[in-house]
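Peer 1: Residue strings, one per chain:
Number of protein chains: 4
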Amino acid sequence: MLKVTIWNEFLHEKTDERAKALYPEGIHEHLAKVLQAPDLEIRTAYLDQDEDHGLGGDVLDSTDVLLWWGHMAHNKVKDEVAAKVRKRVREGMGFVPMHSAHMSKAFVGLMGTACTLQWREIGEKARIWCVNPGHPIAQGVPLTFPLESEEMYGEVFHIPAPDELLFITWWQGGNVFRGGCTFRRGLGKIFYFHPGHETCPSFHNENVLKILSNAIRWAAPAEPRDFRAGDWVEPLEEFRPEKLR
Amino acid sequence: MLKVTIWNEFLHEKTDERAKALYPEGIHEHLAKVLQAPDLEIRTAYLDQDEDHGLGGDVLDSTDVLLWWGHMAHNKVKDEVAAKVRKRVREGMGFVPMHSAHMSKAFVGLMGTACTLQWREIGEKARIWCVNPGHPIAQGVPLTFPLESEEMYGEVFHIPAPDELLFITWWQGGNVFRGGCTFRRGLGKIFYFHPGHETCPSFHNENVLKILSNAIRWAAPAEPRDFRAGDWVEPLEEFRPEKLR
Amino acid sequence: MLKVTIWNEFLHEKTDERAKALYPEGIHEHLAKVLQAPDLEIRTAYLDQDEDHGLGGDVLDSTDVLLWWGHMAHNKVKDEVAAKVRKRVREGMGFVPMHSAHMSKAFVGLMGTACTLQWREIGEKARIWCVNPGHPIAQGVPLTFPLESEEMYGEVFHIPAPDELLFITWWQGGNVFRGGCTFRRGLGKIFYFHPGHETCPSFHNENVLKILSNAIRWAAPAEPRDFRAGDWVEPLEEFRPEKLR
Amino acid sequence: MLKVTIWNEFLHEKTDERAKALYPEGIHEHLAKVLQAPDLEIRTAYLDQDEDHGLGGDVLDSTDVLLWWGHMAHNKVKDEVAAKVRKRVREGMGFVPMHSAHMSKAFVGLMGTACTLQWREIGEKARIWCVNPGHPIAQGVPLTFPLESEEMYGEVFHIPAPDELLFITWWQGGNVFRGGCTFRRGLGKIFYFHPGHETCPSFHNENVLKILSNAIRWAAPAEPRDFRAGDWVEPLEEFRPEKLR
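Protein chains in written order, with the working numbering: chain A, 1081 to 1325; chain B, 1081 to 1325; chain C, 1081 to 1325; chain D, 1081 to 1325.
Isolated chain A, as found in the complex (with noise of 0.2 Å):
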């Protein structure tokens, strides 16, 4: 049983028309209902939860893999609680950061890079495609398919280079955007996608949600280990350099 944690801003839905009839009872609760499965246990928090966010306790413990979205009030989230995000990738959580959790202070702290890109949100037009169609995270999903409306992200999108491209969008108004993509840090395994703007169904598209789905299950966690970082280690036994000499 893997134990899923979504967690969502929670703000966009309360007081824009769209949202609020496109997720009526936020992105997080429309995600926990598609997404369920025999095989997950789905939990949800959001921002004004309480004052972790929803993620005091042992929440981020228990969790195996968490979903990210939020927008515009990346700086209410507590340092500390993003550093706890942070940490539990690094020990092995799976994090799989939407939309414009590109600027949330967890993947940029996980990144090291600015993680800005450029932006149009006019409705247009994508296309996804997939560049590497033997992946676990492209399985049963088109080699390309349509966002009939989508915010635009594009190029350059200043992120490290990612382990593995998976999808890249073509996007109607002329841009290109490296909207796809998986990092490792740590023990933890990251998969950023881009669609899921507030205002546009992307949550209700079948291959997006395709791929939310095999990504939850790719970036199930290793096995815990203790790396005694930073410890001083005896050198192996029979190669200690005395015997050298």
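It is worth saying that the hints were derived from the structure and are not from the lab.
Keep in mind that a hint or two might mislead.
Copies of the same chain are indistinguishable here, so a pair counts whether it falls within one copy or spans any two.
Taking lysine-lysine and the DSS-like style, the derived pairs with C-alpha atoms no more than 30 Å apart in a straight line are [said to hold, decoys possible]:
id	residue 1	residue 2
1	Lys-1158	Lys-1205
2	Lys-1113	Lys-1167
3	Lys-1205	Lys-1083
4	Lys-1083	Lys-1113
5	Lys-1156	Lys-1185
6	Lys-1205	Lys-1164
7	Lys-1205	Lys-1167
8	Lys-1158	Lys-1185
9	Lys-1100	Lys-1167
10	Lys-1083	Lys-1185
11	Lys-1100	Lys-1113
12	Lys-1113	Lys-1290
Given the coordinates of chain A, work out where chains B, C and D should sit on it, guided by the hints.
Peer 2: Then chains B, C and D, alone, in the frame of chain A:
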């Protein structure tokens, strides 16, 4: 002084009026002229030049960087010549396959994959986007620039994951392409770049030429190395296993 | 049910007493026995089995993951059989070349490089270190473990930069080796792993076997894809360039 | 003229007799002297030089490549100074963290990982092996060379997968280390290299110095770019979506 050889199939320019108009002396002679510079010594060669396609004798051995344009006659290139190109790349010669040279024997053999792609020839517009703006090959070139008319080459491009992805091309008709990629094979550096259809003016485009010009310098050979490849080697003197017993 | 085929040259075990003692029925039969599991259907094949080296008919077409051991008779493997292996990898078949299979026709052709290395056969000690502990192939294996006696394979290993470097081997005599590497070629996943000299007990080592066991599951094929590779494609309907003029 | 700044903690050399004997004026002054060349303008700075650690004013803004040595006082480096270093790297400044600078605030922040490793200080022997012999940083250096005495730094090294792995170090006591790695972050190039313990003569080793010398030229900044990062952008004129409807 960097020794550059520009190889061209040189068939289209003899029979296709549009190609002839754009490149009356052939793509190879055109490039030799527009890429000339004080630090370069440029030669040309072509398929029907002689029985070794102009690459016999010590031509390849004395080439630092080889540019290659081929399209309709990949199979007419002798296996021995293609094998010699691959050997020289592994020894350190730079290699810049252009446009449909993605299907040349030399490139396919160095990649180990099908190297196929999707294509369409309707003279549509393209936009090239840089996704690695700090790379030497991207210097002096805008982060994006248009091609007024090119043959569409699109994903899925069946190459190994490039060592570095430098450019992604946007196509008017709805496709994207990893059209500027680097690969290292042995000591040699490879840069594949897609523009250059014989009936399109891309080799008159200053940004395309700047990129090729940068690529030549970037691909300049490393120092020769004697690898003793495949040879039995002695253990390093002071760590001979008998001393450990 | 994953269909696994274990291919072995099966020559050393007939003539070398030490090899015979370690693997009396051949490395292939030994591995088939020790790797057996409820989710695997394991077959074996070997060089002199028949004129197709036991890989004719639909054997390769019905293989999900192919393990390969070869050493002294790479050149006796028919070109057509090696080509068929490479084709199947590109179509998605997993491929696990072991030990001196780094020089097999199939592996070399998929890499496009010399694949040579330095070597020494004095039965020295080795230590395998994991450098990607979150990877599925590394699960259940200590971060480092010893091999009491192996043939030294050392740098410089003339491969393309691996997609993922998982293990680095330390050698008593003073060398290092990128001995556990993944590559993707087409739809297929490849894992090269160096232990397994015919006179060394590495295939009796539980950690080596755990790694091979993990690799089989990791290399399981992706879904088949029809790429229409090399075909002309229509522009996407709504973005036909004539609509833009 | 490349503007190089060599920064050193400069604490050990004041109190440790062995360090003082090896580097009487400090590691920074030693390196400035031995790395001097006609194309370089070298400055030095150190922790206690002033309240900005010698990096205030326009020092960082006018630095093309920054070398960094730190060990026992990473935490005494002001957050603002470390943040300025990271910003300058993203803008294109080259960065060469040496030895224990793997734990410097600047490097850790650019990596986003723990950057911890295993270590041992017993003056054992090491051998550095080149695994990317065509790389500019490896030119003029043997494929392998010994260090008579160094502090052991070993795997698991908790870094993101390097963009390029250049050197792997073998240790007498049984460890290995990815000790020479490149990373790109924003426009900046980073080369981490492990030799240089304060009580070891590595900065007197001609191969170590040649590698640092090569790294300085390799890390030279790309041209400055205005990314309009985070800005809204207009769709390209001719592809405005309203024209497609």
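Peer 1: What are the numbers of the hints that this structure violates, sorted from low to high?
Peer 2: 1, 3, 6, 7 and 9
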